[in-house]
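*Asks:* These protein sequences, in sequence, are chains H and B. Letter by letter, the first sequence follows residues 12 to 378 in the working numbering. Letter by letter, the second sequence follows residues 39 to 276 in the working numbering.
Since the hints were made in silico from the structure, they are not lab data. Don't take every hint at face value.
Here are the in silico distance ranges between beta carbons for each label pair [as the list claims (entries may be wrong)]:
(1) E235(B) <-> V319(H): 53 to 63 Å
(2) K25(H) <-> T62(B): 37 to 47 Å
(3) L33(H) <-> L171(B): 41 to 51 Å
(4) K164(B) <-> Y54(H): 46 to 56 Å
(5) H24(H) <-> W50(B): 37 to 47 Å
Quick partial rundown of chain H residues pointing at chain B, CB under 10 Å, derived from the structure [to be verified]:
(6) M16
(7) I94
(8) G293
(9) R296
(10) D370
All C-beta atoms in this analysis are idealised placements derived from N, C-alpha and C, irrespective of residue type, glycine included.
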Amino acid sequence: MIVDMVLMEFGRHKLRTLLTMLGIVIGIFLVTSVQSISEGVTYYVNDQIAITSGLVTVIESGGGYNVQSSEIDYSLMGELESIGGVDKVAVVKFMSFDDIGRVTGTTPESEDILKGVNIGIEEGRGAIEGAYEVEVGYSYAKNNGITLGDTLKINGSDFEVVGIMQESGDSDLDGSVIMFLDVMQELTGDYDTVSLFMIKPVSPADADFIEQTINEEYDDIQAATDKSIQESVGEMLSQLNIMTFALGGIASLISAIVIMNVMIMSVRERRRMIGTIKAIGGTDRQVISMILLEAVALSVMGAAIGVVLSFGGAAFINSFMPRPMAIITPRLIAIGFLLAISIGVISGITPARQAAKMDPIEALRYE
Amino acid sequence: MKEILFRLENVWKTYKMMGKGIETHALRGVSVDVKKGEYVAIIGPSGSGKSTLMHVMGCLDTPNKGNVYVDGKETSVLSEDDLAKIRRRKIGFVFQSYNLIQGLTAAENVALPMRLDGVGKKEAIKRAERYLLRVGLEHRLTHKPNQMSGGEQQRVAIARSLINDPEAILGDEPTGNLDTKSGLSVIKLLEELHVKEKKTVVIVTHDSRLAARADREIHIKDGNIDQDRTNHNNSHSH
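Between the sequences and the hints, there should be enough to build the whole structure, so can you do that?
*Replies:* Structural data, given as structure tokens:
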């Protein structure tokens, strides 16, 4: 009986219901939108780390951990090879071409290092060094309808697609065209800069030492193990999380106060109805659950609207990013609704108790 | 001898005025029995305590002193939930201002006590429709209270009071808001329930002509019973 009575009440006061929900709509919208960045970055970093697992990654200092925009001196490679504990150093260069998008330039060594991390050819064969041949990433092929033997025009030259890669799980790699670095250098005339070095330690235990040595001795480049990347990203995110927490706390508090206030007033307004329900045999518990459900329903409806809007919020954030960074995950949605349910319960309990305590006679006398 | 449905023993009800130490006694040691199947009118001027007497009888209010028994059970030892259960199952209330719930249809209003008793909506509505038919409102099932006349609303309230098949119907000035004609038809409906379905009917009124129709008149004055008399020659008696 309770549910339809609650819905009836909302139907009778549509505007008030909407305005009461507004706080929670805005609160959940803000929290979910901001937190979607954290979710997206975590997802992206984990996805990156999977592919460089066990390696030390070296990129340009500053500029965060954006490998796409990193530019480092290719000639440093020899010096890095001489650091103790280093087994192999491989190089990768990312470029973006207007006609085909992202291209990853590799060397036989870098492919060799990455081979350990689930990158194989799904179809066809590997490109040959020096030849105008490319491999394409799994999702790049899928999204652009590319098959073996197709010709891609890159920066004015024709390249034959000789291989399609297996899905690696790394969205950068899967979404790009892969060619050998020597061909890329020939194509662009840039022989001096690359994007990153990947260092394979002799044993995994050497990774920390290599990282430390590079960071102490060089200013222009920075090294990171996947562990330290995870840590520093975690640190960055923890600040974002604190912000979300503060934002969420304030928004929740305000919404709870608004809902409580409206519910207290609406309970007073409905003394006669509540008195009648008690007089005809409704128990205190039935009255409490009715009012409580009303408060919870209000905040959950608000949260639902907030979550829907936050998809727009995430899209808005992503429109400023080179790649989608904000993701609304199921986890995030679940947190939003749990938050809403607790706000509903917290704000509803006082008015619900007040309603249950009403003396049916007093309530019936009230006109 | 008939079973006693309501027994009040030396019942006192005192109201404190705003905690200022001023007390008003609504009931001053009232003792009275109402038997099953009786048709009783409680009559008295306003402020005499007649409504309080009915509220105490119907477990809407608790006395400060004295004992109340409903169907042999002492109510002072019962929990709030048990009292609610008595109001839900043993008693049907009819109020002066009908007290229907505005957003609900006639059938939904009538179904409410049954749904509070845990019965599903469909079944309760089906039963409610039968009772609305019983009070002559089969054409008003889906009307909201504000689409009905006062007399019709009070009939809906009577149907609501009947739905859990209670022992007694307690009416607090049930005709107070109605014109003479619809008031009379509401009273006749209650009398019919008394005669045909052997319901105990207790009404509170300040109208002596209404009270004279009952089998028994209890006159209240200043919180006490002034007169308790039986009317032997009423036509609806049996």
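*Asks:* Evaluate each hint against the coordinates.
*Replies:* Right, here's what the structure says about each hint:
Taking 53 to 63 Å as the suggested C-beta distance range, the pair E235(B) and V319(H) conforms, at roughly 55 Å. The supplied range of 37 to 47 Å is met by K25(H) and T62(B), whose beta-carbon atoms lie about 44 Å from each other. For the pair L33(H) and L171(B), the supplied restraint of 41 to 51 Å holds, since their beta-carbon distance comes to about 46 Å. Between K164(B) and Y54(H) the Cβ separation comes to about 54 Å, which falls inside the hinted range of 46 to 56 Å.
About 43 Å separates the C-beta atoms of H24(H) and W50(B), a value consistent with the hinted range of 37 to 47 Å. The closest approach between the C-beta of M16(H) and any C-beta of chain B is roughly 8 Å, which is under the 10 Å cut-off, so the hint is satisfied. Nearest Cβ of chain B to the Cβ of I94(H): about 77 Å, over the 10 Å cut. The hint is violated. Using the Cβ-Cβ criterion of 10 Å, the hint placing G293(H) at the interface with chain B is satisfied: the shortest such distance is roughly 5 Å.
Because the beta carbon of R296(H) sits about 8 Å from the nearest beta carbon in chain B, less than 10 Å, this interface hint is met. Taking 10 Å as the C-beta contact cut-off toward chain B, the hint placing D370(H) at the interface holds, the least distance being around 8 Å.
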